[in-house]
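If you're matching them up, the sequences are chains G and R in order.
Going by the numbering used here, the residue at position 367 of the first sequence is 1292; the numbering climbs one at a time, nothing skipped.
Going by the numbering used here, the residue at position 364 of the second sequence is 1289; the numbering climbs one at a time, nothing skipped.
If you're looking for bench data, these hints aren't it; they were derived computationally from the structure.
One thing to keep in mind: the hints can contain errors.
The list cannot tell twin chains apart, which means a pair is met if one copy fits it or any two copies do.
[Said to hold, decoys possible] Result set (DSS-like, lysine-lysine): computed pairs, CA atoms no more than 25 Å apart in a straight line:
hint, residue 1, residue 2
1, Lys1297, Lys1399
2, Lys1413, Lys1163
3, Lys1413, Lys1297
4, Lys1297, Lys977
5, Lys1187, Lys1137
6, Lys1114, Lys1137
7, Lys955, Lys1137
8, Lys1180, Lys1413
9, Lys1163, Lys1180
10, Lys941, Lys958
11, Lys958, Lys1137
12, Lys1163, Lys1339
13, Lys1163, Lys1114
14, Lys955, Lys941
15, Lys977, Lys1399
16, Lys1163, Lys941
17, Lys1399, Lys1114
Number of protein chains: 2
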Amino acid sequence: MSDPVFAEVSQEALLKIFTIPEAPDSTLGKIEKHLSENLMGFLGEHIVAREKPLHEIEQSFCASQVPESPRYVSDHTEFLLNNLVAHSVHTSSPRFIGHMTSALPYFLMPLAKLMVGLNQNLVKIETSKAFTPLERNVLGMLHHLVYQRDDAFYQRWMHSAQHSLGAMCSGGTVANITALWVARNLLLKPDANFAGIANEGLAAGLAHYGYKRLTVMVSERGHYSLAKAADVLGIGRKNLVAIPTDEHNRIRIDKLREACEKVAADGGRVLAIIGVGGATETGHIDPLPELADYAEEIGAHFHVDAAWGGATLMSSTHRHLLAGVERADTVTIDAHKQMYVPMGAGMVLFRDPSMVRAIEHHAEYVIRHGSKDLGAHTMEGSRPGMAMLVYSALHVMGRRGYELLIDQSIDKAKHFAELIRQQPDFEVITDPKLCILTYRFVPARMRQAIQAATPEQIRRITPHLNALTRFIQKRQRETGNSFVSRTKLLPAHYHREPTVVFRVVLANPLTTTAMLEEILQEQRDIASQAMSLRAALFTEMRELGLIRD
Amino acid sequence: MSDPVFAEVSQEALLKIFTIPEAPDSTLGKIEKHLSENLMGFLGEHIVAREKPLHEIEQSFCASQVPESPRYVSDHTEFLLNNLVAHSVHTSSPRFIGHMTSALPYFLMPLAKLMVGLNQNLVKIETSKAFTPLERNVLGMLHHLVYQRDDAFYQRWMHSAQHSLGAMCSGGTVANITALWVARNLLLKPDANFAGIANEGLAAGLAHYGYKRLTVMVSERGHYSLAKAADVLGIGRKNLVAIPTDEHNRIRIDKLREACEKVAADGGRVLAIIGVGGATETGHIDPLPELADYAEEIGAHFHVDAAWGGATLMSSTHRHLLAGVERADTVTIDAHKQMYVPMGAGMVLFRDPSMVRAIEHHAEYVIRHGSKDLGAHTMEGSRPGMAMLVYSALHVMGRRGYELLIDQSIDKAKHFAELIRQQPDFEVITDPKLCILTYRFVPARMRQAIQAATPEQIRRITPHLNALTRFIQKRQRETGNSFVSRTKLLPAHYHREPTVVFRVVLANPLTTTAMLEEILQEQRDIASQAMSLRAALFTEMRELGLIRD
Chain G
926 MSDPVFAEVS
936 QEALLKIFTI
946 PEAPDSTLGK
956 IEKHLSENLM
966 GFLGEHIVAR
976 EKPLHEIEQS
986 FCASQVPESP
996 RYVSDHTEFL
1006 LNNLVAHSVH
1016 TSSPRFIGHM
1026 TSALPYFLMP
1036 LAKLMVGLNQ
1046 NLVKIETSKA
1056 FTPLERNVLG
1066 MLHHLVYQRD
1076 DAFYQRWMHS
1086 AQHSLGAMCS
1096 GGTVANITAL
1106 WVARNLLLKP
1116 DANFAGIANE
1126 GLAAGLAHYG
1136 YKRLTVMVSE
1146 RGHYSLAKAA
1156 DVLGIGRKNL
1166 VAIPTDEHNR
1176 IRIDKLREAC
1186 EKVAADGGRV
1196 LAIIGVGGAT
1206 ETGHIDPLPE
1216 LADYAEEIGA
1226 HFHVDAAWGG
1236 ATLMSSTHRH
1246 LLAGVERADT
1256 VTIDAHKQMY
1266 VPMGAGMVLF
1276 RDPSMVRAIE
1286 HHAEYVIRHG
1296 SKDLGAHTME
1306 GSRPGMAMLV
1316 YSALHVMGRR
1326 GYELLIDQSI
1336 DKAKHFAELI
1346 RQQPDFEVIT
1356 DPKLCILTYR
1366 FVPARMRQAI
1376 QAATPEQIRR
1386 ITPHLNALTR
1396 FIQKRQRETG
1406 NSFVSRTKLL
1416 PAHYHREPTV
1426 VFRVVLANPL
1436 TTTAMLEEIL
1446 QEQRDIASQA
1456 MSLRAALFTE
1466 MRELGLIRD
Chain R
926 MSDPVFAEVS
936 QEALLKIFTI
946 PEAPDSTLGK
956 IEKHLSENLM
966 GFLGEHIVAR
976 EKPLHEIEQS
986 FCASQVPESP
996 RYVSDHTEFL
1006 LNNLVAHSVH
1016 TSSPRFIGHM
1026 TSALPYFLMP
1036 LAKLMVGLNQ
1046 NLVKIETSKA
1056 FTPLERNVLG
1066 MLHHLVYQRD
1076 DAFYQRWMHS
1086 AQHSLGAMCS
1096 GGTVANITAL
1106 WVARNLLLKP
1116 DANFAGIANE
1126 GLAAGLAHYG
1136 YKRLTVMVSE
1146 RGHYSLAKAA
1156 DVLGIGRKNL
1166 VAIPTDEHNR
1176 IRIDKLREAC
1186 EKVAADGGRV
1196 LAIIGVGGAT
1206 ETGHIDPLPE
1216 LADYAEEIGA
1226 HFHVDAAWGG
1236 ATLMSSTHRH
1246 LLAGVERADT
1256 VTIDAHKQMY
1266 VPMGAGMVLF
1276 RDPSMVRAIE
1286 HHAEYVIRHG
1296 SKDLGAHTME
1306 GSRPGMAMLV
1316 YSALHVMGRR
1326 GYELLIDQSI
1336 DKAKHFAELI
1346 RQQPDFEVIT
1356 DPKLCILTYR
1366 FVPARMRQAI
1376 QAATPEQIRR
1386 ITPHLNALTR
1396 FIQKRQRETG
1406 NSFVSRTKLL
1416 PAHYHREPTV
1426 VFRVVLANPL
1436 TTTAMLEEIL
1446 QEQRDIASQA
1456 MSLRAALFTE
1466 MRELGLIRD
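Chain G on its own, in the form it takes in the complex (with noise of 0.2 Å):
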């Protein structure tokens, strides 16, 4: 057994796992050569295809004691391998565009085991060092990346103690939490009779001002994670306001006018507008430049969600779609999105790098005062060296390496949307804007029926095709060979009826145009296996006299 033997307790054997390496012919050297290798190798064989039933895999799961005894590496190794390797999902498969995670290249995967190796803690100075520096350097290029400010600017604030160009986070979640606390506590903020909301709390900040309530402004198509930032802030789910989106998805300028008058008559604030910069479901982007007007006429914050959506700044071709950006107060970009980093990435950038004054917070032992340690300015506290991987992809790939990506996804995704458009039996949801769209399958013979269908008739129809979508990918899902996800749309040709449909997101540059292709078939086969939900489909047309026998 060349393992380091760790399954006795004792000093020695416990030291050993601190000091001798697991040697290359141990279980887990074998593994890591193999990732090393060949990743995609790898995964194919070890993940299983088929799915295993959750309430199965839990079996596996199920020990409620931390485990007495110590186990051998490799043991462990094993289980592991046959238990959650075998089934985790893949990923980085071209055929799995159900969500936004995407192969990785593979110089981040050493880089992400050095990252480990060095253990870097990001929250001070004390224990980051020169990761500090490159963590600044990563939000300074960022920042560039949206505001595009002279170089002067960037000498100047770039690794000012005082200040931050942005702060690196957990991800996109936080970096929203993050913007809308910079937002409320700038809002509330310390004047010669009130020591400021971060002191005194919002019940007092709300009296002292004399707002009733504080309100956050986002589509119908803005981020879950939103409604999270507002009831974690104290503002209240209610008070983040959905506003009614036109019928390419964007935000309602009128709408959102009434809404904003509505809340300042009731005696309440509007705190803050938020553009969506690529929506999680469609991809579609606000008209940032009319909301950047109308939160200036109105003194609000604005923020953009560009979690998704951001790393197309990248690309000259498309930059264009994001104009406007450049006029947010603050932006959320995940790199571990779109920028194909590992989990873990996001990061919130602040166009005023003063800003963070609003939340900045000091302690004896760590981010004293004057200090230029990361922690003063962020939410979370200890950090990893994430900053590293951003670093690096940004340099090996370079602004036009991300650029050839973005492009090739975009156009991938169009092209898609084309392919669906020639088949008889699918329909394009919604259009492509970066590279995600939405689609759902409709039984040939009652395409046209459906176009020409009343608003009671959608009604009536559509928790039957819903139900069929829904059969479909689950079923793809589960049999292994490809991923699609699904959500709920209102579509405005559908009379906003709650429709179900496929959504995929083509980021992964190893996905080709006959993958998609097999996808579309796949998907035709189970729907032609769904024979109750069709029959019911049909009863239904038939009863509304919308198809013959």
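For chain G, the structure is supplied; the task is to place chain R on it using the hints.
Below, chain R without anything else, positioned relative to chain G:
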């Protein structure tokens, strides 16, 4: 050049970084091998010992734009080695005893690489599958470690969709915020005439229940993240009430009672009482049973912040120090502290599995109602599979392995305190509870005098000693052989005069007694070089008549 070439922008070159692994003889391949075979050797060889001033390091990280063109992985890796790794912190060095980051077991490095290779997203089952039950299992085991409920309890709740025994978080700060978020939402919960704070917001909740404000009570040794939590949640930092501690740095129950009565008399409501389960600065543990009693008496939520100390529960020898923790409503434990897991593995545990209803949220395309998606019950959204590393550490080391680590750390700290006591020119400021202690250097010739000094004399001497302590700590850090941290305490026996102290955390199993002796000797040597600081100190002592020439 055996690197996968990507310093050109073409479709073909781009696909290479996604499909062709780093060659074993590439720069990154060699680094990885070195990391695998000899992490300490790698770090010792590449991290430059003597500190480079931060402003010089910043020169390497000041480019303000995303680089335009791609770069060879090997060139970029060389850059990282020379500019980032060289000037990072050797946190796993056995002489780095200033913070809570320690050496990690070897097997976690390849497992971390596996985690990145799998790139699961724990927000939902569709992108994590077996990782979801695994994470629930880890939370169950930690819940059992704290609450020790019977098997039936865990059978019933561990994998229940609408329940959670805890939540994985990026770190202790998010864990503490989550705990207080749950507490806040439970207190201001929905009733017949109120939709609840989550919906209506904090101000409406206070108004409905007739409270002027909420307060959170914690000893003056509470972690700084709690002030952040009070700010984020809208409670206000002022309403985080710092309760004085006794001579052992434990919260004074009489003062707590007084403070809570004052809150009630002012029309406020005590939301939560927080017990410190291992103070960050001193390792001390509050009298948890008394806190539990009192929290129960006044109907406040009882949270224990055991981010550092929680792992002590795995030691039969020392578990009793945390007696009473099982009465807490919520408990924070960080696996990246005394559980020897890489950065990014915080946890909050819920005594009652249905508590999370207070913060539950759903969305159409993920975390749907009735799903087991973890995202419904966490503050964060997309998250990596860190739970696997915790799970593996628990299994490979076992409870008894951890017990050995913890017992040895505490023994080592006691031994170090003894060693300090034997020196003529050092004094212990806080005795070790757990493996943390604080001390300082005091020139031998004034040791006796300072013991007998009056409060006024202490007030005049202390700033000089503080300056000396600061000088020694900084110089030692800059020299790069070893690192202790420093903080400021209010020692009872020095009349609560703000006193700067060295702080050590003896968690690294590779730290030896000989190293601790060397660290003291190095501090003594540095002190002897601090001529002007010593001169000023002695002048003051002479003027006060405490020493003679």
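Going down the list of hints, with the structure as the test:
no., hint, in the structure
1, Lys1297 <-> Lys1399, "between (50 Å within a copy, 15 Å between copies)"
2, Lys1413 <-> Lys1163, "within (21 Å within a copy, 44 Å between copies)"
3, Lys1413 <-> Lys1297, "between (46 Å within a copy, 19 Å between copies)"
4, Lys1297 <-> Lys977, "between (50 Å within a copy, 15 Å between copies)"
5, Lys1187 <-> Lys1137, "within (13 Å within a copy, 28 Å between copies)"
6, Lys1114 <-> Lys1137, "both (16 Å within a copy, 20 Å between copies)"
7, Lys955 <-> Lys1137, "neither (63 Å within a copy, 62 Å between copies)"
8, Lys1180 <-> Lys1413, "within (22 Å within a copy, 55 Å between copies)"
9, Lys1163 <-> Lys1180, "within (17 Å within a copy, 39 Å between copies)"
10, Lys941 <-> Lys958, "both (22 Å within a copy, 19 Å between copies)"
11, Lys958 <-> Lys1137, "neither (61 Å within a copy, 62 Å between copies)"
12, Lys1163 <-> Lys1339, "neither (37 Å within a copy, 54 Å between copies)"
13, Lys1163 <-> Lys1114, "both (23 Å within a copy, 15 Å between copies)"
14, Lys955 <-> Lys941, "both (19 Å within a copy, 23 Å between copies)"
15, Lys977 <-> Lys1399, "within (13 Å within a copy, 57 Å between copies)"
16, Lys1163 <-> Lys941, "neither (56 Å within a copy, 49 Å between copies)"
17, Lys1399 <-> Lys1114, "neither (50 Å within a copy, 36 Å between copies)"
In this structure, the hints that do not hold are numbers 7, 11, 12, 16 and 17, in rising order.
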